[in-house]
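Using the sequences provided together with the hints, build the complete structure.
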Amino acid sequence: MPTLPSSPPVTPRPIPPSLVWRRVRRNPLSFTALCVIVTIALIALFAPLVAPYPPDATDAGSALQSVSWQHLLGTDLYGRDQLSRIIYAARVDLSVAFAATAAAVAIGALLGAIVGYRGGWVDNVAMRAVDAVMAFPAFVLAMGITAAMGNSTGNVAIAISITQIPAYLRLIRGEMLRVREMEYADAARTVGNPAWRIVLIHLLPNCLPPLIVQATLAMGFALLTMASLSFIGLGIQPPQSEWGVMTAEGASQIVTGEWWLFLFPGLAIMITVLAFNLVGDGLRDFLDPRMRGIR
Amino acid sequence: MGFLNYLVRRLALVVPTLFGVSLICFFLTYMLPGNPAMVKAGPFATAEHLAEMEHQMGLDRSLPEQYIRYASGLLHGDLGESSATGRPVSQDFIQRLPATLELNLAALLIAIAIGIPLGVLSAVHRDTFIDHIGRVVGITGVAMPSFWTGLLFVYVFFYLLNLAPPPLGRLGSGITPPAHITGLYVVDSLMTGNWIALRSSLHQLMLPSATLGLSVMAPVARMVRSTMLEILESDYIKAAWAAGLPRRTVIYGDALRNAMIPVITILGIVFGFLMAGNAVVESVFAWPGIGNYAVTALMTKDSGPIQSFVLFVAVMYVAVNLLVDLAYGLADPRIRLR
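If you're matching them up, the sequences are chains C and Y in order. According to numbering that gives the first Met the number 0, the first sequence holds residues 0 to 294 in order. According to numbering that gives the first Met the number 0, the second sequence holds residues 0 to 337 in order.
Partial selection, computed: residues in chain C whose CB lies under 7 Å from chain Y:
#, residue
1, Arg-127
2, Ala-131
3, Phe-135
4, Phe-138
5, Ala-147
6, Met-269
These are computed hints drawn from the structure, not numbers from a lab. The beta-carbon is built from N, C-alpha and C at its ideal position, and this holds for glycine as well.
Next up, the structure:
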């Protein structure tokens with residue numbers, strides 16, 4: 000009997016460039032949002048070049064100054080330049096949200112793929128575990144985990160990641176249940192591919208579009224969770240500049256009228272989260288035009 | 000018969016979930032940095048005293064044994080002790096629960112009162128100006144951190160306009176709470192005719208409930224819109240159009256009434272959002288509920304209240320979702336067959 004060649008992996012058919020452009024043009028808002036994210040990421044990356052002052056440089060002479068040409072977003076109680084602090088904070092916020100989401104996607108997708116492909120009791124146990132984790136509102140669980148593990152940037156990332164894993168696991172499991180019955184899956188099995196190869200190379204790539212959408216939307220949620228955790232004093236601690244921490248510090252200055260201290264860090268959170276949500280929505284329309292306008 | 004069957008099957012699903020929830024909370028409670036016995040015994044405890052304390056708290060036993068102890072404690076309503084107040088957490092909880100309930104109910108009312116009409120209008124006038132406004136409101140509403148919305152409200156309505164009271168609790172200073180009936184100040188003062196307390200409690204409730212309400216309004220509007228769109232596309236609505244029924248009858252009679260059934264499920268999800276926003280909003284407005292209790296406990300590294308809050312919210316969430324599913328099963332017989 001001749002040995003059959005190993006089958007080439009099935010990858011989703013690429014969308015032709017002209018169609019890409021047409022769909023992007025139809026959704027200018029999401030495209031703008033993508034540009035906003037890229038800009039924020041670049042600013043965070045090149046923070047030392049962009050920020051007008053060092054983020055932790057105190058200057059008692061210019062404490063609590065309002066918005067001015069010297070300090071575009073004002074200064075805080077210690078005379079630190081708020082714009083610079085917000086720029087440096089973007090580094091922490093974006094990298095923690097990204098690390099948490101990336102880890103959750105990797106773990107969730109892999110577990111979901113295994114569980115969905117195997118089925119049976121493994122699937123049953125995994126889904127009960129998912130139910131249990133999802134019984135907690137995500138923020139409340141993240142609060143419990145961070146409180147239990149102690150305040151540190153790493154622990155916040157872990158906590159956010161744990162709350163996200165079930166969503167990806169469930170998503171990929173569902174997709175896997177669908178695609179494992181497809182003809183190309185049968186074909187891959189017939190030619191004698193090992194199970195891991197079928198799952199990782201033939202099936203998983205076909206489950207990616209909804210995963211990408213989910214992960215983009217989750218970035219916004221991760222940012223909100225993280226900022227809220229640090230706002231209530233969990234996770235990232237002052238003097239580290241982080242948007243939630245800065246808002247909390249600014250909160251005590253509201254009654255004396257120093258509005259710029261709480262307003263701008265919160266605005267930074269809102270704009271970033273909004274951008275991620277718009278890109279997520281746009282991606283969903285883009286990857287699956289049938290969904291347009293429905294959700 | 001059909002419903003009873005559904006009830007039993009749905010209840011059976013709750014058991015493993017609650018078991019999982021208690022396991023997670025158990026690990027969270029025992030994963031804590033610092034030995035709970037050491038915290039309880041105080042900094043000047045001798046090694047012997049510490050060992051005795053550990054024995055007393057059952058910390059020297061095997062993990063499964065500790066879990067059984069923990070779980071049976073939970074079943075008896077024992078949530079542990081707060082090292083800050085020195086009282087059982089369950090007592091502190093019962094005392095603070097009405098405040099949380101009042102805030103969440105008010106927020107829910109606001110969210111429904113704005114969210115449902117907004118969702119319906121967006122769906123009916125799809126891709127028009129109203130729909131775009133709805134989309135913008137929805138998508139920014141989700142992106143605003145609730146603590147920030149709260150601070151914004153405080154700054155504008157308290158500091159600038161002086162329309163709202165200072166964000167300090169449930170009643171203005173010097174006003175005595177109404178006689179305790181339900182624990183909800185608004186309801187109690189209405190029932191006892193205590194107009195001063197009613198005015199003050201509504202005044203205090205205004206900003207926190209608007210903050211929390213806005214944070215959950217967006218998902219409500221979004222879900223109502225998508226359900227309504229699906230129904231407007233359905234065959235029976237097309238049949239109603241074809242039969243020449245007036246627009247008003249079709250949309251607000253047939254479509255809206257059928258859309259309201261799936262909207263029940265929203266309540267379960269909304270409850271999750273409410274409880275998540277609750278801790279943060281309560282701490283912004285110094286609202287004396289269970290969320291604020293947990294957040295205050297964070298400052299003193301008092302683990303009892305925090306982990307109890309997490310557990311409590313999860314159990315409530317499971318219960319609310321169960322009720323929602325049952326109500327849904329009752330309203331829509333097709334669900335029971337799944």
